[in-house]
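Input sequences plus hints: build the corresponding full structure.
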Amino acid sequence: MALRCQKCEKPATFHITELTGDKPEELHLCEECARIYLSKDDQPQEPTSPTLAGVLAQQLKIGQTAKDLQRLDQQACPACGITFYEFRQQGRLGCPHDYICFANELEPLIVNIHGEMKHVGKRPKRVHSSTDARTELIRMRRDMQDAVEQEDYERASELRDQIRKFEQQQGDQ
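Counting in our numbering, the sequence shown runs from 1 upward without gaps.
You may find that some hints are simply not true.
Taking lysine-lysine pairs in the DSSO-like style, the calculated list, with each CA pair at most 30 angstroms apart, reads [to be verified]:
1. 40 x 7
2. 40 x 10
3. 40 x 23
4. 118 x 165
5. 7 x 23
6. 23 x 10
7. 165 x 23
Have a look at the derived ranges for each label pair, beta carbon to beta carbon [claimed, not checked]:
8. 8 x 166: 52 to 62 angstroms
9. 138 x 8: 25 to 35 angstroms
10. 3 x 151: 19 to 29 angstroms
11. 9 x 114: 29 to 39 angstroms
12. 105 x 142: 15 to 25 angstroms
13. 15 x 149: 40 to 50 angstroms
14. 23 x 162: 20 to 30 angstroms
15. 11 x 105: 32 to 42 angstroms
16. 26 x 170: 16 to 26 angstroms
17. 36 x 89: 17 to 27 angstroms
Hints listed in this document are in silico derivations from the structure and should not be mistaken for laboratory results.
Since the model is a prediction, treat every value here as computed from it, not as a measurement.
C-beta: ideal position from N, C-alpha, C; glycine also.
Shown next, in the form of structure tokens:
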């Protein structure tokens, strides 16, 4: 069952947890009520640590007029077809390519939530230590393919040589 807005009973699309008091306060709001709620945070107050609500308010204010928001909502991932509007409604992305497609909009949220843009947490025990090497090899091959597509053959040949050298080093280990 979908949660309803605490102000107007529309479907809640913003779920805000305020950590300003003794215990967390959860708010479930529709987009319209969330805008009103977040705009109240604009009034000058004592400097505090940024909250997710504050970041969302900042994100919604930065030049996003109704036309800008409508244009952004219609932007879709070429790989899976999810629109930014669908992401905002569901809170889930459709595929890994969405992080690239919606990078400008997601980056401030990810940095605020995780404090970093790069994962620095634990790894599963069953993952081999060569995972980083494979990831680097995949990145270099993708860069080489991009260079070929852009007809930057010098860069492509440099990357080819780096890949060969990298593969030799991995084979020696």
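What hint numbers does the structure not satisfy?
Violated hints: 7, 9, 10, 14, 15, 16; rest satisfied.
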